[in-house]
Every structure is written in C-alpha cells, then in structure tokens.
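A.B. asks: Sequence:
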Amino acid sequence: MFIQNVGGMRHIDLIVIHCSATREDRTYSEHDLATDHRRRGFKGAGYHFYVRKDGKIITTRPLEQVGAHARGYNANSIGICYEGGLDSRGMPKDTRTCHQKHSLRVLVRTLLLDYPLSRVCGHRDLSPDLNHNGEVEPEEWVKQCPCFEGSEVLAKE
Numbered sequence: 001m002f003i004q005n006v007g008g009m010r011h012i013d014l015i016v017i018h019c020s021a022t023r024e025d026r027t028y029s030e031h032d033l034a035t036d037h038r039r040r041g042f043k044g045a046g047y048h049f050y051v052r053k054d055g056k057i058i059t060t061r062p063l064e065q066v067g068a069h070a071r072g073y074n075a076n077s078i079g080i081c082y083e084g085g086l087d088s089r090g091m092p093k094d095t096r097t098c099h100q101k102h103s104l105r106v107l108v109r110t111l112l113l114d115y116p117l118s119r120v121c122g123h124r125d126l127s128p129d130l131n132h133n134g135e136v137e138p139e140e141w142v143k144q145c146p147c148f149e150g151s152e153v154l155a156k157e
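Those letters in the sequence shown? Residues 1 to 157, per UniProt numbering, in order.
It should be emphasised that the hints constitute simulated quantities derived from the structure, not laboratory data.
Wrong hints could be hidden among the right ones.
Calculated cross-link-like contacts (lysine-lysine; reagent style DSS-like; alpha-carbon spacing at most 27 Å) [said to hold, decoys possible]:
no., residue 1, residue 2
1, Lys53, Lys101
2, Lys53, Lys93
3, Lys43, Lys53
4, Lys56, Lys43
5, Lys56, Lys93
6, Lys101, Lys56
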C-alpha cells in the first residue's frame with residue numbers, strides 16, 4: 001500500500017511498536033516525548049502515534065511523513081509508541097495498561113486495513129541478526145523495547 005508523500009509515494013510494509021522507556025510510576029506526556037525528541041535533533045516526536053496510559057491515541061506525526069523511530073526502517077514503516085516500558089525501578093517491563101492494550105490492538109488492526117501486507121513487530125525485532133541464523137534472538141536485541149512480543153499486540157487478552 002502507498003500513501004502520498006511530498007516527494008512522491010511512500011511504501012508502507014512495516015508497523016513498529018515501541019515503548020517510551022519511561023517508568024510506570026511516572027507520567028510522560030506527548031509533549032514530553034516531542035520535547036525529548038527535539039533535543040535529540042528530530043523535528044518533533046519520531047513516532048506516528050503515541051498511546052497514553054489511559055488508552056488515548058495521539059497522532060504525533062503525519063503518516064505521509066517519514067518517521068524517526070527505527071534507523072534503517074523509517075522510510076517504509078509506521079511507528080507506534082506506548083507510554084511506559086520500565087518498572088518503578090527503571091528496569092524493562094511490559095507496563096501496558098488494559099486501556100493501552102485495547103488501544104494498541106484497535107490502532108494496529110485499523111492500520112492493517114489500509115496496509116494489509118504490513119508486518120507488525122517490536123523495535124527490538126529490528127536488531128541485527130548477529131549469528132546469521134535468520135532469527136533475532138533475545139541475546140541479540142539492542143534494546144528490550146517494547147518489552148513484549150510486538151506481534152502479540154493483535155492478541156485479545
């Protein structure tokens with residue numbers, strides 16, 4: 001599936017799930033996200049969507065604009081980030097609330113209607129396959145993000 005882009009058409013075949021890597025006992029708004037990304041040299045939030053703890057889905061970057069969320073994969077992907085991903089001690093953990101799980105599932109299913117051939121994965125799944133066995137295994141992950149199996153976002157709980 002293609003979407004119109006200023007420079008022509010943008011092919012989308014990947015939906016990448018991320019966490020904000022923020023503690024579950026703290027609030028991290030879409031404004032905090034955009035500010036932090038600007039400090040890193042981005043033009044605002046690098047993700048296309050941000051899902052707050054209450055399940056609210058916020059569009060943070062237009063779909064026709066290339067994201068800044070997964071180096072080497074941005075041109076053909078849509079980035080979705082959920083608020084959280086760390087426990088109260090700062091260790092990786094699936095901190096998604098029931099509201100976030102529902103909203104992520106609805107958002108991804110909706111995107112798959114427009115981009116039906118897209119693969120859904122977690123950011124960690126885009127790490128290099130260091131042992132070249134055709135599978136990115138936990139010991140090869142560059143980071144834990146999103147702290148759960150990205151393709152499971154479609155599973156009903």
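A.B. asks: Now tell me if each hint is right for this structure.
C.D. replies: Against the structure, the hints come out as follows:
no.: 1; hint: Lys53 with Lys101; in the structure: holds, 9 Å
no.: 2; hint: Lys53 with Lys93; in the structure: holds, 14 Å
no.: 3; hint: Lys43 with Lys53; in the structure: holds, 24 Å
no.: 4; hint: Lys56 with Lys43; in the structure: holds, 22 Å
no.: 5; hint: Lys56 with Lys93; in the structure: holds, 20 Å
no.: 6; hint: Lys101 with Lys56; in the structure: holds, 11 Å
Hint compliance for this structure: every hint is met.
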